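Quick note, the sequences are listed as chains A and B, same order. Residue 127 is where the first sequence starts when you use the numbering used here, and the numbers rise one by one after that. Residue 61 is where the second sequence starts when you use the numbering used here, and the numbers rise one by one after that.
Rather than coming from a laboratory, the hints here were simulated on the basis of the structure. The structure presented is a predicted model; accordingly, all values stated were derived computationally and were not measured. Watch out, some of these pointers could steer you wrong.
[Unchecked claim] If we take Cβ atoms under 8 Å as the criterion, some of the chain B residues that face chain A in the derived model are:
hint: 1; residue: 138
hint: 2; residue: 146
hint: 3; residue: 148
hint: 4; residue: 152
hint: 5; residue: 154
hint: 6; residue: 156
hint: 7; residue: 157
hint: 8; residue: 158
hint: 9; residue: 160
hint: 10; residue: 161
hint: 11; residue: 168
hint: 12; residue: 173
hint: 13; residue: 177
Positions of the beta carbon are idealized from the N, C-alpha and C atoms, including for glycine.
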Amino acid sequence: MNTTTNEHTHWPRLALRPYRLLLLIGLLLLTFTLSLSLGSVNIPFADVITILTGGEPAKATWSVIILKIRLPRAITAVLAGAALAISGLQMQTLFRNPLAGPFVLGISSGASLGVALVVLSVSTAAGGLLASLGFLGNIGIVLAATLGSAFVLIAVMLVAHRVNNMTLLILGLLFGYATSAIVSILLYFAIAERIQAYIAWTFGSFGGVTWGQLQVLIPVILFALSIAWLSAKPLNALLLGEAYARSLGLTIRRARWLILVSASMLAGAITAYCGPIGFVGVAVPHLCRSLFNTSDHRVLVPGTILIGSVVALTADLVAQLPGSDTVLPLNAVTSLLGAPIVAWVILRQRNLRASFGG
Amino acid sequence: MAMLQTDTLTIGYRPHRRPAHIVSEKLDLTLEAGQLICLLGPNGAGKSTLMRTLAGMQPPLGGRVRLGGDDIASLPSRTVAKRLSIVLTERIDAGLLSAYALVALGRYPYTDWRGRLTAADETIVQNAIDAVGARPLAHRPVSQLSDGERQKIMIARALAQQPDVILLDEPTAYLDLPRRVEIMQILRRLAHDDGRAILLSTHDLHLAMRSADAIWLLANGKLHIGAPEDLVLNGAFAAAFAGEGVTFDPMSGSFHVAHAHRGSIAVVGDGVRAVWTARALERVGFQVDAAAPLRVICHPTTWEYGTAEYRSLAHLTKHL
Numbered sequence: 127m128n129t130t131t132n133e134h135t136h137w138p139r140l141a142l143r144p145y146r147l148l149l150l151i152g153l154l155l156l157t158f159t160l161s162l163s164l165g166s167v168n169i170p171f172a173d174v175i176t177i178l179t180g181g182e183p184a185k186a187t188w189s190v191i192i193l194k195i196r197l198p199r200a201i202t203a204v205l206a207g208a209a210l211a212i213s214g215l216q217m218q219t220l221f222r223n224p225l226a227g228p229f230v231l232g233i234s235s236g237a238s239l240g241v242a243l244v245v246l247s248v249s250t251a252a253g254g255l256l257a258s259l260g261f262l263g264n265i266g267i268v269l270a271a272t273l274g275s276a277f278v279l280i281a282v283m284l285v286a287h288r289v290n291n292m293t294l295l296i297l298g299l300l301f302g303y304a305t306s307a308i309v310s311i312l313l314y315f316a317i318a319e320r321i322q323a324y325i326a327w328t329f330g331s332f333g334g335v336t337w338g339q340l341q342v343l344i345p346v347i348l349f350a351l352s353i354a355w356l357s358a359k360p361l362n363a364l365l366l367g368e369a370y371a372r373s374l375g376l377t378i379r380r381a382r383w384l385i386l387v388s389a390s391m392l393a394g395a396i397t398a399y400c401g402p403i404g405f406v407g408v409a410v411p412h413l414c415r416s417l418f419n420t421s422d423h424r425v426l427v428p429g430t431i432l433i434g435s436v437v438a439l440t441a442d443l444v445a446q447l448p449g450s451d452t453v454l455p456l457n458a459v460t461s462l463l464g465a466p467i468v469a470w471v472i473l474r475q476r477n478l479r480a481s482f483g484g
Numbered sequence: 061m062a063m064l065q066t067d068t069l070t071i072g073y074r075p076h077r078r079p080a081h082i083v084s085e086k087l088d089l090t091l092e093a094g095q096l097i098c099l100l101g102p103n104g105a106g107k108s109t110l111m112r113t114l115a116g117m118q119p120p121l122g123g124r125v126r127l128g129g130d131d132i133a134s135l136p137s138r139t140v141a142k143r144l145s146i147v148l149t150e151r152i153d154a155g156l157l158s159a160y161a162l163v164a165l166g167r168y169p170y171t172d173w174r175g176r177l178t179a180a181d182e183t184i185v186q187n188a189i190d191a192v193g194a195r196p197l198a199h200r201p202v203s204q205l206s207d208g209e210r211q212k213i214m215i216a217r218a219l220a221q222q223p224d225v226i227l228l229d230e231p232t233a234y235l236d237l238p239r240r241v242e243i244m245q246i247l248r249r250l251a252h253d254d255g256r257a258i259l260l261s262t263h264d265l266h267l268a269m270r271s272a273d274a275i276w277l278l279a280n281g282k283l284h285i286g287a288p289e290d291l292v293l294n295g296a297f298a299a300a301f302a303g304e305g306v307t308f309d310p311m312s313g314s315f316h317v318a319h320a321h322r323g324s325i326a327v328v329g330d331g332v333r334a335v336w337t338a339r340a341l342e343r344v345g346f347q348v349d350a351a352a353p354l355r356v357i358c359h360p361t362t363w364e365y366g367t368a369e370y371r372s373l374a375h376l377t378k379h380l
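With the hints as constraints, model all of the structure from the sequences given.
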């Protein structure tokens, strides 16, 4: 019949879109460099390069600012953006829900409960023993948040193979309500300065992470990200729903376990070190799908890592209000910047269901 | 050649901490290469349970399912996926995937850990799309396909798995009649020309009886197997769908709704007009009987009943 016209039909190509990826890598380098050179003190670009290559900048203090403060901060932002965004992507596909994010299973609730228990419930006498809020403010908080999210992680893993996805999601939600209730009780009885310390933690920040802590954070995040890389193929099968995924030869249990472990590790580690940073994890996967116009996770995983890093660096830059001494709460910035962007993306697409496969 | 076989299979559910609920037992079934079989049965008879058990998605309560000679429960899921593929009733929302990318997912059990397609994989995907005549759809996003187009793509996806057996659970459920016929034609061709074994469940009795090489009729825990016509003649259909306010008419091979009886009436006339006049009268509850004293006379453009003339059957049936 019309075979002649068919012969000329080109079959679609299923490759990565290298130009868009290259563009994103360029954007990442740009925002990374900007976040090193901009801040309460603006350091010229040339001097940033000099410092990074081990040379002497025009002012000696600049060297300290870059190497001690801004470099670990920027690296943390890159890790956090990538981690939260990938975690969100995995949760959205696994639960087939566009509103899912890194914290749907209660990871941040667990972390905040841990932090609240340490910061708020320490009696004034014990607080005296712990000497200063400086101690509580860093190592203590990281430890508490790690324990809190690890507790949730283990609970999720234990429950995961007995219940279906919807039940897991509801359990996460209920756990969130329960923890926020406990936290409000603790807040009610806590003294003002402790409350302030807790609230400060909930603002989120990339700034508190030291080089020493990065030695833990970097390997953990890289390990979990590589599991996420492995999960791209199973995630594609899961787009069709569990029944089809299984019929394609996917071992659902193993895939689910792999996805939950990496997503929870990513969310848990970042929350422990940076506080509960909202929005990035929910929004970036949507941005990425829209930018690459695909649901293929072989494209989405690298794309989401790059966009997540760029978004986190940009949000941190804005929060610094370069040139001023004021710093805005990071969580406020991510939401203020992110909400309109995501609203625009969703409205432009008109069909959210179609965009993620729910 | 037998592609899928069952040995004294018992299907059903084993609810948590309660006794097993048996849907059907002692089933010895064979699905041969080149065969298109339709699974029929009333709602709740256990068609889906049988399909899921055959696909290895649900464990049997007894006996076993053999896929290409091996117990399906002992095969790795990847091996099962290379021998058997499924098409389900549920509408999938595959996100921002093109039809082509969706079919390419059928290569899943064959690709490496990253899911990369080789040139050979791509050729198989393209052949699968051509086999269902869906080449013009390849570029389109799945979310924009109509139900019929989507079902074709899902069949192409099942083909891309290069299976010996394809199981389809009500693949024509959402489709209009021309689309149903088209899908059935495609499946017949895939079975007869390519030597695949195809089993599909359906509620479409007419289409099943006209297309299937054999019918599996599941009702009241019993599975009747035979050529469509044999099952009509031996009364299996009538028994399977008995009750429920409908009766199976072996003459027409279709169901009649049992209406309240309003008496007998005769239709005078012949040809198409008489046939459809009788249908209309039966529909509103009359029994058509040539010897009845009441008569409807078919004229070329009107109907006569008693002393009145009617322009249409709607008019006539309203005033009877």
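For a quick check of understanding: which of the numbered hints are violated here, in increasing order? Per hint list: zero violations.
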